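Student: So the chains spell out like this:
2 protein chains.
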Amino acid sequence: MQLFVTPASPWVRRVVISIIELGLQDKVTMIQTRWPHNWATQTIAFDPDFARATPVGRIPALSVKGGIRLADSMTICEYLNAEHGKYRLLPREGAKRWALLSRISIAHGILEAQISRRAELLRTVNRSADFIEKMKDRGLRCFAALDEEVEAFGDDPELAQITIAAACGFADFRYAQDDWRAAAPRLARWYETFSQRPSMLSTQPAETPQ
Amino acid sequence: MQLFVTPASPWVRRVVISIIELGLQDKVTMIQTRWPHNWATQTIAFDPDFARATPVGRIPALSVKGGIRLADSMTICEYLNAEHGKYRLLPREGAKRWALLSRISIAHGILEAQISRRAELLRTVNRSADFIEKMKDRGLRCFAALDEEVEAFGDDPELAQITIAAACGFADFRYAQDDWRAAAPRLARWYETFSQRPSMLSTQPAETPQ
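As given, the protein sequences belong to chains P and X, one line each in that order.
Reminder that position 56 of the first sequence reads as 46 in this note's numbering, one-by-one numbering, no gaps.
Reminder that position 123 of the second sequence reads as 113 in this note's numbering, one-by-one numbering, no gaps.
Hint data in this document are derived by calculation from the structure and do not stem from the laboratory.
Model, not experiment: these values are computed from the prediction.
Worth double-checking, as some hints may not be accurate.
Because identical chains share one entry, a pair is satisfied inside a single copy or across any pair of copies.
[Claimed, not checked] Below 25 Å or equal to it, Euclidean Cα-Cα: the simulated DSS-like pairs (lysine-lysine) are:
no.	residue 1	residue 2
1	K76	K55
2	K76	K126
3	K55	K86
4	K76	K86
5	K126	K55
6	K17	K55
7	K17	K76
8	K86	K17
9	K17	K126
10	K86	K126
Chain P on its own, in the form it takes in the complex:
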């Protein structure tokens, strides 16, 4: 399997953490991509392999021999969890599946707000301070909602925790001034421990290669 990645993306990070937690490193070849800063407002030129892997033109993208192409992180995580992970990160069905997907859908709200805000900050013209504020509000609202769920987290890592941890890590990487810990103090205590896992330590965000 080929996975197209960058070191800055929290969407990529949740996939890579999942790969490590499932022990699938040997099955996945990581292909670094480069993104000029004008990705935020321009259609940039895509490497032919990447263009074949995903018409969306975003990372992560997974390409599997035999023709499966998956163009978003949730679908990639579901595929790895089901086909190679014995459903250890997300149950195939039942109440626990919906509890986890409910948390994941809130964490997606954070990740989308984080990346939309990043794209706005990369605009050299027509940057909207109001839009940035709206994305900040959404993120903090979602962190506060997840703070009420911490006691229900399982002992073993699962896809909701992994996704939330990627959001916490990206908040620290790009938006430390927001202080998500003030909005979510119980989540902050949980993250203190979770962030020390080898899968977290080996995937810390770094700048996207241009």
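Model the placement of chain X on the given structure of chain P, informed by the hints.
Tutor: Quick look at chain X alone, frame taken from chain P:
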């Protein structure tokens, strides 16, 4: 179950089409929401019921008695399909699941581009023509990729077809000048038939109430 909706959203439409195709209309109460045009760049005031249903602050949101809250259309469709639909729109597992999720992830690329572009067009200041063009490019690239998949579509409606049809319908509603049919002529022929289903005719897009 309570579903928070607006008549303009293609994300909402795919959920409502799924509800109709699964025959679940009696189980779901639709709650119309109102969105002032400054939703694009401002945190707007949320109705308390809606705020309780989703911290993300976006539609659709599903609230189920007993505490399940689902904050995005894919998760809602998965829940309805699994818990009330006997997996008729998306298989629980196996090769067909990944084939459909692969198409769905491309269709999501279109829907996200359509809504990001709409939000940009609603900006009264700091509107970026380049961003609008980037979103247009992404949408047409994804329509062209889906055009190559039409022959593999099943005879019965499934979640990939429903999601793609919502994208086609929104393109006609907001961006008719793009001419997605030129980029995807086989998809256009498929849509001519699919768009005549009762579930499609009864969910045609209309302006969001302000």
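Student: So, for every hint listed, does it hold in this structure?
Tutor: Do the hints match the structure? See the list:
When the C-alpha separation of K76 and K55 is checked against a cutoff of 25 Å, the pair qualifies only within one copy, where the shortest distance is 20 Å, while the shortest distance between copies is 30 Å. For the homomeric pair K76 and K126, neither the shortest alpha-carbon distance inside one copy (36 Å) nor that between copies (39 Å) is at most 25 Å. For a Cα distance limit of 25 Å, the shortest separation of K55 from K86 across copies, 16 Å, qualifies, whereas the shortest one inside one copy, 32 Å, does not. Proximity of K76 and K86 under a CA criterion of 25 Å is satisfied in both settings, with 15 Å inside one chain copy and 18 Å between copies.
Taking the shortest alpha-carbon separations for K126 and K55, neither the intra-copy value of 40 Å nor the inter-copy value of 30 Å comes in at or below 25 Å. Proximity of K17 to K55 under the C-alpha cut-off of 25 Å is restricted to the intra-copy arrangement: shortest distance 11 Å within a copy versus 42 Å between copies. Taking identical chains as interchangeable, the C-alpha atoms of K17 and K76 lie at most 25 Å apart only when both belong to the same chain, with a minimum of 15 Å there against 33 Å between chains. Taking CA atoms no more than 25 Å apart as the test, K86 paired with K17 passes between copies only; the shortest distance there is 22 Å, against 28 Å inside one copy.
For the identical chains of this complex, K17 and K126 are neighbours neither inside a copy (37 Å) nor across copies (35 Å), given an alpha-carbon limit of 25 Å. When the C-alpha separation of K86 and K126 is checked against a cutoff of 25 Å, the pair qualifies neither within a copy, at 30 Å, nor between copies, at 38 Å.
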